[in-house]
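Colleague: Next come the chains, spelled out residue by residue.
There are 2 protein chains.
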Amino acid sequence: MTKQRPTSALFTNPLHVVNLGLSSFAETLQESHVPVIDVNWRPPAGGDPLLIQLIDNLKSEDGSAWNQQITAANETAIEHLLTAEPHIIGIGIARDVVPGMRDGMILHAGPPVTWDTMCGPMRGAVMGGLLYEHSASTPDAAAKLAASGDIAFEPCHHHQSVGPMAGVMTASMPVWILENVTAGNRSYCTLNEGLGKVLRYGAYGDDVIKRLEWMKTELAPILSQAIAKHGPIDMRSLLAQALQMGDEGHNRNRAGTSLLIRELAPFLVRLSEPSDAIGRVLEFLHSNDHFFLNLTMPAGKCALDAAANIPGSSLITAMARNGTEFGIRLSGTGDRWYTAPAPIVEGLYLPGYSSDDAAPDIGDSSITETAGYGGFAMAAAPAIVQFVGGTPQLALDTTQRMREITLAESRVYQIPAMGFRGTPTGIDVLKVAETGVVPAINTGIAHKEPGIGMVGAGLVSPPFSIFAEGARELAASLARSSEFGTSAKRLVD
Amino acid sequence: MTKQRPTSALFTNPLHVVNLGLSSFAETLQESHVPVIDVNWRPPAGGDPLLIQLIDNLKSEDGSAWNQQITAANETAIEHLLTAEPHIIGIGIARDVVPGMRDGMILHAGPPVTWDTMCGPMRGAVMGGLLYEHSASTPDAAAKLAASGDIAFEPCHHHQSVGPMAGVMTASMPVWILENVTAGNRSYCTLNEGLGKVLRYGAYGDDVIKRLEWMKTELAPILSQAIAKHGPIDMRSLLAQALQMGDEGHNRNRAGTSLLIRELAPFLVRLSEPSDAIGRVLEFLHSNDHFFLNLTMPAGKCALDAAANIPGSSLITAMARNGTEFGIRLSGTGDRWYTAPAPIVEGLYLPGYSSDDAAPDIGDSSITETAGYGGFAMAAAPAIVQFVGGTPQLALDTTQRMREITLAESRVYQIPAMGFRGTPTGIDVLKVAETGVVPAINTGIAHKEPGIGMVGAGLVSPPFSIFAEGARELAASLARSSEFGTSAKRLVD
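Protein chains in written order, with my numbering: chain A, 1 to 493; chain B, 1001 to 1493.
Chain A extracted, bound-state conformation (with noise of 0.2 angstroms):
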């Protein structure tokens, strides 16, 4: 037996803990019920020691020019995003009104990936649009065709376009139409299935194929008309109302969905189409909250496409997902993709799935925050929690966290709840990698097998490393292209 000694203090006394890094120290406390501070504290620049010198020199003296560049172009790039005004000017066909759309393309979302390297949902999608195309007649000859070569893979961002989820669009789907009457420029969208077992979450059963089928040639044909009659339909008005009434304009689109009801039934009504038609159209958008998503997508995209390739803006113009892979643009850096593997998303699981069944984040839905709103205008919604999980708090302190990285607050997107202040807008990809605060996303979660659909929707964070990228590489853009500080041209070269 080994001798006897007296008991430390830290072991007799009760503990009182303040913990500072990983939460996981302070959980384990928690469960065996030890009184724990667990300051959500992290790293500046999330300890990278050439980002914290580059944003050093950034506010230095030595940086003055260089950081008179960038709050320049963000200006610019910044103005360009609050002042953009998405209009639905129509429905089309794909191949007909996309920028470089074709037979034997197929846009996803995400950054750029190939079928070797695509996740399960993204497979199953692109084998129902392949069925859906005619181009194969089996689900197994629809793979066998994708894995071919014969199919060209493209992200719609590099078609001004935006798709969630999945993001499948081939040449004969139906599309929304948007311009940003400011700039001029559009934006594409398909249109919004409904959830659960659906294209978008990688289901391409039967069924899947016939409400495609039926959106391609009844209620697209229908909305087009009303649309028609109507005239051109302003998104921002109808996004900032949505906003006041529970949305957030990401995954929850109830009051945008009966919004955009309320305005197009007077008009859908006189069409000279069969009432029984008629009615169809009207059911599916009221069975389907999730109708306006895919709308407020491609208003954001529109937007952002504004702001895009400005020299020296640090503005993030996209981010997106492809379920291998998390990517963001900058407004500095053009067309550049700044990548890292795609994350899990936490969140609420239907019945019977677990986070075990969940494929990595996907989908190009994260403009919205990208634009302003979706997580980022979680506190005009403290209703997504009971879709998302979380409490009404955390929809509050989230809205309020997006504050620290970004550039902006909007004019027209306003919360109630905040005294009528402006969402947060603009994510200054500097900001994020120095405070190490990333955007929050609010999503849906597909199951990792093709074919199955959705099994729910939660929250889920980018990795760090692609904003530290991000950063630095302006930052060498930057140095190749103007007058610096000495010492920031050594920290880029």
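It should be emphasised that the hints constitute simulated quantities derived from the structure, not laboratory data. Zero decoy hints are in this set.
Some chain B residues judged to face chain A by a derived CB distance under 8 angstroms, without partners named:
no., residue
1, Ile-1261
2, Ala-1265
3, Ile-1278
Just so you have them, the derived chain A footprint on chain B, three or more residues with Cβ under 8 angstroms:
no., segment
4, 1250 to 1260
5, 1412 to 1423
Quick list of in silico lysine-lysine cross-link-like pairs, DSBU-like style, CA-CA up to 35 angstroms:
no., chain 1, residue 1, chain 2, residue 2
6, B, Lys-1216, B, Lys-1229
7, B, Lys-1229, A, Lys-229
8, B, Lys-1210, B, Lys-1229
9, B, Lys-1229, A, Lys-216
10, B, Lys-1197, B, Lys-1448
11, B, Lys-1448, B, Lys-1210
12, B, Lys-1229, A, Lys-197
13, A, Lys-216, A, Lys-229
14, B, Lys-1197, B, Lys-1229
15, A, Lys-229, A, Lys-210
16, B, Lys-1059, B, Lys-1431
17, A, Lys-144, A, Lys-210
18, A, Lys-229, B, Lys-1216
19, B, Lys-1216, B, Lys-1448
20, B, Lys-1216, B, Lys-1197
21, A, Lys-448, A, Lys-210
22, A, Lys-229, B, Lys-1197
23, B, Lys-1448, B, Lys-1431
24, A, Lys-210, B, Lys-1229
25, A, Lys-197, A, Lys-216
26, A, Lys-229, B, Lys-1210
In this text, a Cβ means the ideal position worked out from N, Cα and C, and glycines have one as well.
Add chain B to chain A, keeping to what the hints say.
Modeller: Same frame as chain A, now just chain B:
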């Protein structure tokens, strides 16, 4: 010259004031930039010595039998209120469906009132009602007829009905029919005309009468057919959703109106009616965000009627104003009204108008607050402050304060921003009497002259005296009918 004396410290040192009582003392000091803490203090029981003794007695051992009887009665009453399930079951013509309604009768808002004592907007609405019924051909002739004694004026509330603002219902007007499917009782309300120059605000011009004609000949028949095809519509479900979409069900009904439109549109479009007529109906609903108000009101009425006439219950079953008097009814004292002069509404005025133009508080719409929404659910509708004045914080505070005077929380009407807590429901006249906290009511403001219409919207506080009187009379009714502590009997004799 008087001899100079040393100045008192009161006049030389900075003042730090705590104000109890009238806020006007604090305001005077605030205007002079003196720091003041204005305590929101009210004398218990409004300073009424008899009422103080009554409430003290209820809490004493002597009053325990009495207290138990009231508690038991209130448990029964609140259960009827909380479990009521109001459904829209159709639309009919008042003389055919409203109990006791007949030609030559005009129902109005609030407690009983005569032509001689009616306020301007109610007179205007009565004149418009007589023109609409072709009982008179000019406004002057209508006023003469109204004064002749040949028209029977009765409160809506005496006919299972409620009416917003002037609340005028005539025999040939179409009315919503609601049924509380739990208890089987029904309620009725006219259809909402929109805002501005409308009958319920006292306007009676040709445009007003023409709109009412159209509502009878086209709107009501078409809506009635759509509801027949749809089947009964569960108002609890619609209202619960609307409260999660920024409505409070009294002065903000944009979400409720939207939900009703999307519910009915698929049925409207399939009717064998001219598509232009259906288009006009949908346009009218789309243009009138208050359309849903005339459904939230009878929903409250049939829920509260199920809780009425329970001996000993201190639950308030009606709060209603006729522009001359504000009245309430208690479950325990049945049909009896407790009234006092109607106050002036504090609020926001339309351009060109001020409180000098305002009629006193008017309308049965305070049935919404009585049933546990409207002002009581203001926290669900922070955007309403743009319509009625105040700040989003006031909206939160108002709902929170109403918890002090209510018996329960709704099990279906929830406020997301308060962690999905139920709305404060079921006003207890004894709690109002004890605390001096009066119910908070959101309301519209009519011009004081007949024929003009709406001039604003705001918040109104009912007169305390009617709650004190109600509490005393409830006690008296109990004293007459049961065994009491002797001191309680002495108090009410």
